[in-house]
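Number of protein chains: 2
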Amino acid sequence: MKNCKEFVFSEKKVTVYFDSLFFDLEKIIKKGDAVLLIDENVYSIYSTFFIGWKTIVINSGENFKQQSTIDEVISSLIKIGADKTTSLIGIGGGVVTDIVGYVGSIYMRGVNTGFVPTTLLGMVDACIGGKNGIDVGIYKNMIGTIRQPAFILYDYGFLDSLPEIEWSNGFAEIIKHACIKDQEMFQYLESLSFNYFRENKIALQALIERNVVLKSKIVQSDEFETGERKLLNFGHTIGHSIERMNEISHGHAVSIGMVCATIISEQLTGLKKTERLRLEDLLKKYSLPVCFDFDKEKIIQNINFDKKKSGDDISFVLLNKIGKGQINKIALSELTQLILQLF
Amino acid sequence: MKNCKEFVFSEKKVTVYFDSLFFDLEKIIKKGDAVLLIDENVYSIYSTFFIGWKTIVINSGENFKQQSTIDEVISSLIKIGADKTTSLIGIGGGVVTDIVGYVGSIYMRGVNTGFVPTTLLGMVDACIGGKNGIDVGIYKNMIGTIRQPAFILYDYGFLDSLPEIEWSNGFAEIIKHACIKDQEMFQYLESLSFNYFRENKIALQALIERNVVLKSKIVQSDEFETGERKLLNFGHTIGHSIERMNEISHGHAVSIGMVCATIISEQLTGLKKTERLRLEDLLKKYSLPVCFDFDKEKIIQNINFDKKKSGDDISFVLLNKIGKGQINKIALSELTQLILQLF
Chain A
361 MKNCKEFVFS EKKVTVYFDS LFFDLEKIIK KGDAVLLIDE NVYSIYSTFF IGWKTIVINS
421 GENFKQQSTI DEVISSLIKI GADKTTSLIG IGGGVVTDIV GYVGSIYMRG VNTGFVPTTL
481 LGMVDACIGG KNGIDVGIYK NMIGTIRQPA FILYDYGFLD SLPEIEWSNG FAEIIKHACI
541 KDQEMFQYLE SLSFNYFREN KIALQALIER NVVLKSKIVQ SDEFETGERK LLNFGHTIGH
601 SIERMNEISH GHAVSIGMVC ATIISEQLTG LKKTERLRLE DLLKKYSLPV CFDFDKEKII
661 QNINFDKKKS GDDISFVLLN KIGKGQINKI ALSELTQLIL QLF
Chain B
361 MKNCKEFVFS EKKVTVYFDS LFFDLEKIIK KGDAVLLIDE NVYSIYSTFF IGWKTIVINS
421 GENFKQQSTI DEVISSLIKI GADKTTSLIG IGGGVVTDIV GYVGSIYMRG VNTGFVPTTL
481 LGMVDACIGG KNGIDVGIYK NMIGTIRQPA FILYDYGFLD SLPEIEWSNG FAEIIKHACI
541 KDQEMFQYLE SLSFNYFREN KIALQALIER NVVLKSKIVQ SDEFETGERK LLNFGHTIGH
601 SIERMNEISH GHAVSIGMVC ATIISEQLTG LKKTERLRLE DLLKKYSLPV CFDFDKEKII
661 QNINFDKKKS GDDISFVLLN KIGKGQINKI ALSELTQLIL QLF
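Going down the list, the sequences are from chains A and B.
Mapping of the first sequence onto the numbering used here: position 102 corresponds to residue 462, and the numbering continues sequentially without gaps.
Mapping of the second sequence onto the numbering used here: position 25 corresponds to residue 385, and the numbering continues sequentially without gaps.
Keep in mind the hints are simulated off the structure, nothing from the lab.
Watch out, some of these pointers could steer you wrong.
For identical chains, the list gives no copy identity; a pair is met inside one copy or between any two copies.
[Claimed, not checked] List time: in silico DMTMM-like cross-link candidates among lysine to aspartate or glutamate, alpha-carbon distance up to 20 Å:
hint: 1; residue 1: K590; residue 2: E526
hint: 2; residue 1: K372; residue 2: D582
hint: 3; residue 1: K681; residue 2: D379
hint: 4; residue 1: K689; residue 2: D673
hint: 5; residue 1: K541; residue 2: D520
hint: 6; residue 1: K414; residue 2: E524
hint: 7; residue 1: K373; residue 2: E583
hint: 8; residue 1: K391; residue 2: D443
hint: 9; residue 1: K390; residue 2: E626
hint: 10; residue 1: K444; residue 2: D673
hint: 11; residue 1: K390; residue 2: D672
hint: 12; residue 1: K590; residue 2: D655
hint: 13; residue 1: K372; residue 2: E583
hint: 14; residue 1: K577; residue 2: E526
hint: 15; residue 1: K633; residue 2: E569
hint: 16; residue 1: K632; residue 2: E550
hint: 17; residue 1: K444; residue 2: D431
hint: 18; residue 1: K689; residue 2: D393
Take these sequences, add in the hints, and give me the full structure.
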């Protein structure tokens with residue numbers, strides 16, 4: 361197929377098929393050798409796509425990223441008769457690819473997986489890098505593995521049915537990538553607009569591909585997150601904490617988390633205030649929130665259960681300048697003070 | 361510490377401390393950095409050993425190797441405040457090390473694990489090679505991963521409190537190793553007896569070490585079971601199926617499974633009948649059953665959910681002669697006929 365890239369990770373090779381159609385899936389894997397695990401919304405809109413495939417429909421939304429869903433999926437796989445040679449293909453947003461990546465790493469001690477991301481956030485972030493996970497109660501991604509899929513197939517046509525909020529969620533992670541690693545992309549996003557990318561498919565596809573390459577390179581350099589990969593957590597410590605407590609989408613929570621982290625950066629790295637204001641302007645331009653009236657005590661309480669914590673310290677991602685993130689080990693007591701001073 | 365070996369697997373290095381005492385654990389890991397997950401029987405007998413450690417007590421027995429136990433363990437870890445730097449140490453038999461190996465590979469996307477096997481079966485088999493798993497209803501080890509622990513510590517003193525049946529369970533796997541790979545060990549076992557090893561600690565320790573090295577070498581050559589590692593499934597296809605249906609211990613089920621596989625070997629590899637009779641005699645010598653009145657239809661039905669199945673075939677381990685196993689791909693229809701003709 362045209363425009364196909366391979367990324368080699370320490371564990372295995374991932375083939376990424378850009379500019380494809382869903383129907384190309386048959387060229388990659390035989391219908392009889394796969395089970396498709398499909399987001400319920402995607403299934404209801406595109407049901408005719410899945411004729412002749414074995415399918416499991418998965419409930420939508422972060423609330424279903426729990427063990428009970430895993431139990432149901434595993435029962436369904438046993439009923440279908442899936443064995444070690446079966447490939448599990450996740451079709452949906454980040455919740456579905458997380459569930460499928462996780463089930464694929466534990467079902468019969470591991471079977472092949474493939475992803476067809478259908479949301480912007482899935483395309484630029486969630487389906488890349490092999491991290492998967494489910495929540496345990498309010499604790500995000502407490503359980504999971506890091507394991508690469510065999511392939512990722514991009515059919516941008518799925519974006520035609522994407523709800524408004526999902527567009528801004530995707531842009532939150534794109535802006536995150538720009539902040540930590542790609543000043544040029546930051547300027548490029550500043551020069552254009554939310555609607556420009558929604559209306560200009562060529563530019564959107566190039567932007568998606570740029571983000572896939574950027575994230576894949578970071579993951580290749582540090583698959584198991586002992587160093588550089590931590591940069592991708594920019595905005596996610598406070599972001600996850602906000603997301604846990606409120607009915608707010610992941611991208612929106614990360615957006616607020618990034619603003620908080622830049623305010624903290626002003627104090628700790630000497631980031632210029634003008635840079636923070638540029639970030640706030642860019643987030644607003646892409647329909648993302650920059651402040652939120654949250655309960656700081658609860659934010660701090662939740663951070664005590666963040667996976668990035670080790671002992672009394674936490675790895676916290678700061679900006680040195682736009683396009684350059686840095687990882688600081690901060691004592692939890694210090695972070696507590698910094699959060700209490702926010703806004 | 362004395363007599364310590366390192367085995368390097370594709371994924372990582374495993375340090376094995378033979379001839380150790382439980383109290384050496386403190387030399388390997390600080391009390392504050394670990395959570396001990398302990399079999400309830402072991403805990404009740406040796407409770408003073410665990411003073412000053414953070415502990416979680418795990419229910420004993422194969423019936424608890426289910427998702428509900430995993431859920432409880434994870435809740436306890438969250439309550440204790442275990443983070444990515446915490447090591448999980450499993451102390452018990454194969455059920456406990458399976459549970460701890462599995463939880464260690466998914467908790468916060470993976471934390472370090474260590475094992476202190478307390479049963480003979482755990483020492484010679486279950487804790488080596490990184491395979492872990494839980495059952496889903498009647499389906500054995502349906503969910504799990506392959507992931508090596510950081511270390512294994514052997515304190516043979518735990519065997520002093522081992523129930524009679526656990527001794528024979530351990531010998532089933534020792535005899536399995538002898539059958540597939542070590543004719544000399546087979547003869548050595550023939551020349552001695554069950555009680556000899558129970559009374560002669562030096563000989564027992566050497567036998568355990570020999571089995572650890574034998575299994576580790578097989579796993580090193582094929583960690584993810586694409587070839588040679590499958591040999592270790594000798595007796596386990598029919599064995600697991602029997603175990604699923606009946607209240608029979610793992611080693612006893614494997615013993616019957618090995619007899620069935622040698623009867624089938626007589627037909628498929630030309631194994632001599634005298635060799636099969638030698639195996640039956642050896643199993644009896646080590647208090648293991650060699651026949652059982654089972655429902656063949658159900659055995660066959662269960663094999664359809666065996667992980668070793670792929671499509672219409674199954675990898676089945678046969679003996680070429682004592683000390684030499686071989687892996688055959690057998691059509692399920694042919695295996696069905698062979699099982700119907702057994703006994």
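Status of the hints after comparison with the structure:
Neither within a single protomer nor between protomers do K590 and E526 lie at most 20 Å apart by alpha-carbon distance, with minima of 24 Å and 46 Å respectively. When the C-alpha separation of K372 and D582 is checked against a cutoff of 20 Å, the pair qualifies both within a copy, at 14 Å, and between copies, at 16 Å. In this homomeric assembly, K681 and D379 never come within 20 Å of each other (Cα to Cα): the closest approach is 33 Å inside a single copy and 56 Å across copies. Taking the shortest alpha-carbon separations for K689 and D673, only the intra-copy value of 6 Å comes in at or below 20 Å, while the best inter-copy value is 53 Å.
In this assembly of identical chains, K541 and D520 lie within 20 Å of each other by CA distance neither inside one copy nor across copies; the values are 29 Å within and 60 Å between. In this homomeric assembly, K414 and E524 never come within 20 Å of each other (Cα to Cα): the closest approach is 31 Å inside a single copy and 48 Å across copies. For a Cα distance limit of 20 Å, the shortest separation of K373 from E583 qualifies both inside one copy, at 13 Å, and across copies, at 18 Å. Within a single copy, K391 and D443 get their C-alpha atoms as close as 14 Å, which meets the 20 Å cut-off; across copies the closest is 41 Å, which misses it.
Within a single copy, K390 and E626 get their C-alpha atoms no closer than 54 Å, and across copies no closer than 38 Å, so neither meets the 20 Å cut-off. For the identical chains of this complex, K444 and D673 are inter-copy neighbours only, at 12 Å across copies versus 41 Å inside a copy, given an alpha-carbon limit of 20 Å. Only between protomers do K390 and D672 lie at most 20 Å apart by alpha-carbon distance; the minimum there is 16 Å, versus 50 Å within a single protomer. In this homomeric assembly, K590 and D655 never come within 20 Å of each other (Cα to Cα): the closest approach is 26 Å inside a single copy and 55 Å across copies.
In this assembly of identical chains, K372 and E583 lie within 20 Å of each other by CA distance both inside one copy and across copies; the values are 11 Å within and 15 Å between. Taking identical chains as interchangeable, the C-alpha atoms of K577 and E526 are never at most 20 Å apart, the minima being 25 Å within one chain and 51 Å between chains. For the homomeric pair K633 and E569, neither the shortest alpha-carbon distance inside one copy (31 Å) nor that between copies (64 Å) is at most 20 Å. Taking the closest pair of Cα atoms, K632 and E550 come within 20 Å of each other only inside a single copy of the chain (18 Å); across copies the shortest separation is 79 Å, beyond that limit.
Taking CA atoms no more than 20 Å apart as the test, K444 paired with D431 passes inside one copy only; the shortest distance there is 18 Å, against 25 Å between copies. Taking CA atoms no more than 20 Å apart as the test, K689 paired with D393 passes between copies only; the shortest distance there is 19 Å, against 46 Å inside one copy.
The structure is inconsistent with the numbered hints 1, 3, 5, 6, 9, 12, 14 and 15, although it conforms to all the rest.
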